[in-house]
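> For reference, the chains in residue letters:
Number of protein chains: 2
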Amino acid sequence: MGLIVQKYGGTSVADIKRIRNVAKRVAETFEQGNDVVVILSAMAGVTDDLIDMATQITESPDKRELDVLLATGEQTTAALLAMTLKNMNHPAVSMLGHQAKVITDCTFGNARIIEIGVENIMDFVKNGNIVVVAGFQGSDIKGNITTLGRGGSDTSAVAIAAALKADICEIYTDVDGIYTADPGICERAKKIDRISYDEMLNMASLGAKVLQIRSVGFAKKYNIPIHVRSSFSEEEGTMVVSENAGMESLVVSAVTHDKDQARITLKKVEDQPGVAAKIFSPISESGIIVDMIIQNTRVEGQTDLTFTVPKDHFSTAMEIERKVAQEIGAEDVLGDKNIAKVSVVGVGMKNHSGVASIMFSTLARENINIMMISTSEIRISCIIEEKYTELAVRVLHTAFGLDEED
Amino acid sequence: MGLIVQKYGGTSVADIKRIRNVAKRVAETFEQGNDVVVILSAMAGVTDDLIDMATQITESPDKRELDVLLATGEQTTAALLAMTLKNMNHPAVSMLGHQAKVITDCTFGNARIIEIGVENIMDFVKNGNIVVVAGFQGSDIKGNITTLGRGGSDTSAVAIAAALKADICEIYTDVDGIYTADPGICERAKKIDRISYDEMLNMASLGAKVLQIRSVGFAKKYNIPIHVRSSFSEEEGTMVVSENAGMESLVVSAVTHDKDQARITLKKVEDQPGVAAKIFSPISESGIIVDMIIQNTRVEGQTDLTFTVPKDHFSTAMEIERKVAQEIGAEDVLGDKNIAKVSVVGVGMKNHSGVASIMFSTLARENINIMMISTSEIRISCIIEEKYTELAVRVLHTAFGLDEED
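As they're listed, the protein sequences go chains A and B.
By this note's numbering, the letter at position 382 of the first sequence is numbered 382, and the numbering carries on one by one without gaps.
By this note's numbering, the letter at position 47 of the second sequence is numbered 47, and the numbering carries on one by one without gaps.
No lab work stands behind these hints: they were computed from the structure.
Don't take each hint at face value.
Since the list gives no way to pick one copy over another, a pair counts as held whenever it fits inside one copy or between any two copies.
To be verified - Below 25 Å or equal to it, Euclidean Cα-Cα: the simulated DSS-like pairs (lysine-lysine) are: (1) K221 - K323; (2) K387 - K165; (3) K101 - K142; (4) K387 - K63; (5) K17 - K221; (6) K63 - K101; (7) K278 - K165; (8) K17 - K63.
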């Protein structure tokens, strides 16, 4: 008995039949005596359809109006689920972002939550209602509708769970948990029972697309346990919890990969103060996020500078850097889209040396060349040729003892 | 130069191409130096699609949640039009019902507007924006989303025009004005240049489906001129204005018909106090609107009672009356769905006798039997057999001198 926040993703509410299935699950939790607040995504595909509609008008639709448009997706599912629950004779009520007082800044399309005024939700909960909140959306202090960016419903859910001091935030999705690697390319991958916020933060940014990374940051900050699980089965999924919550500390918890990267190299850049700013300022001003940066050893006052950007922004970034290269007198700009990032993640790394050398030698044994390396406290990432991605994931998975036993 | 409210119906915003067309029209009016506030319906068919979706869940979806669902239709078009205008470099902003402070009572599905707080709209107008308001929707004082019923965007438009003290409310639709009869069945019907609020009120309720009747009541109360016209042509349409605005007073302005009626007769009802209440209370409690009622001459303390209801509610009403008949000891309940109502409307009737006798003799000449009659100050309606509808409209149109000259 407690206060449970449940979030259902787009595939879980993709049609009326699935919404009925979600309603059944919600009702079960409610009938066990829990207070239940549900956060919903739009039906799978709907957000993309709405964006398509807007881009028929213009390639870069006004961001305020795009948010008004996109917010209809979650409004629809919230109304339909509340309707279904009421039809099952459960007291239920839908709430939109502004009604639930999800107050954000005014960065349309990628707004940050400033605060959540819980009274509105709690009034309904205290009166015995199941509250169904439209995810992904909020409003700024002037009452403009905002959205939280791709996967924003996860952040809605965790933020609301935090504001309500919920006992747990359950994220229902179409996979049954977090895996030690992508099961699609590594058949020996196994489901992780418990994982820390920090590991999840490192995995999310590396392509484990189960949770929006911002939601994990929120959960960590407010120490809200997240249970990632499938809405299509009764099985337990993966608990995302704080590090000291009694996990066995594996050296490496998972191997992840990310093919959505491209590499840009500026050849023979003058190694002088201010040059890096000239190279990276116009990139960040275009809203492009640079992931890894390496600078070669200086030769005769010159150096090669290499960095990675998301594939989508590759051509824009190349254009920008060609101009920059002329300005700063770099010799050439080279680009490469056929790369991938492979990473190993694990809190255990903090206390174990030798992880990096196992990773490098494992890749070397397969003749996989490492183009770039970056590390954090609990993660080591290598950029390799894209065609070796699957091979690299599999051999690393085996090397770090993650393979499921037969 | 003034403040112009324009409302565009569902067929005018049915797709992106048509929304562009609307944007062009709005922009022209704006560029002429006018302040412009636009009210939009949902894309044609969308509201029905949403209702279909809800009725997949249950035949009688929860009304609060249905309003949340339906409100997405106008939210979508408002966002798309504002986006289009901005892409044309016109300052524009969309507003939803609650943002525009359209405050209603809490009768979900058929809410009444209580007040409109104009500051929000006027702030944007004064800052040089074209304001695009989602029609059909509002919110109650608690912030619940409400909708105004079928055709409610007309009422949104006129109510906002009244609140803003607009110079005119232009209703853009897929017909080019109000006609003296349905041109589909009476090819000599002609467009009316000016018509009074009262005539329009009588026509709207009788099946001239161009304007929601409540919007005309609003326009009359606040004396807002309405210009009904086509969004697909440049031609002037029909002005709906107050009676003294210099119209020539025709005896009959139009002939209308309504096939959406069914007749129910209770045979041999005891003619005693309280019987009528027993017959009509359960009908009105079911939300069924009774239009015409007649009671035959009393014979031996008994009478036949006949009334009409919308065809959609015929079977429900029959069921109710069969129970009532048993309770009050009526002999039988008869039903007839093959009827139609034909009416002549005109403010000139106030000062002319003989309109009724012309109507009756014209119908008699064609051997059309009159089953029921009802009259108001400026309207005479007859219930006839449905199969004679078109014939009746045409002969009455000719008899009252409305035929277009060749």
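> Take the hints in turn and mark each one as holding or not.
Hint-by-hint comparison with the structure:
Taking CA atoms no more than 25 Å apart as the test, K221 paired with K323 passes in neither setting, with 42 Å inside one copy and 65 Å between copies. Taking the closest pair of Cα atoms, K387 and K165 never come within 25 Å of each other, the shortest separation being 46 Å inside a single copy and 67 Å across copies. For the homomeric pair K101 and K142, the shortest alpha-carbon distances inside one copy (12 Å) and between copies (13 Å) are both at most 25 Å. With identical chains, the CA atoms of K387 and K63 are never at most 25 Å apart, being 37 Å at best within one copy and 55 Å at best between copies.
In the homo-oligomer, the alpha carbons of K17 and K221 never lie at most 25 Å apart, since the shortest distance is 36 Å inside one protomer and 48 Å across protomers. Taking CA atoms no more than 25 Å apart as the test, K63 paired with K101 passes in both settings, with 21 Å inside one copy and 23 Å between copies. Taking the closest pair of Cα atoms, K278 and K165 never come within 25 Å of each other, the shortest separation being 46 Å inside a single copy and 55 Å across copies. Taking the shortest Cα distances, K17 and K63 sit within 25 Å of each other only across copies (21 Å), while inside one copy they are farther apart (33 Å).
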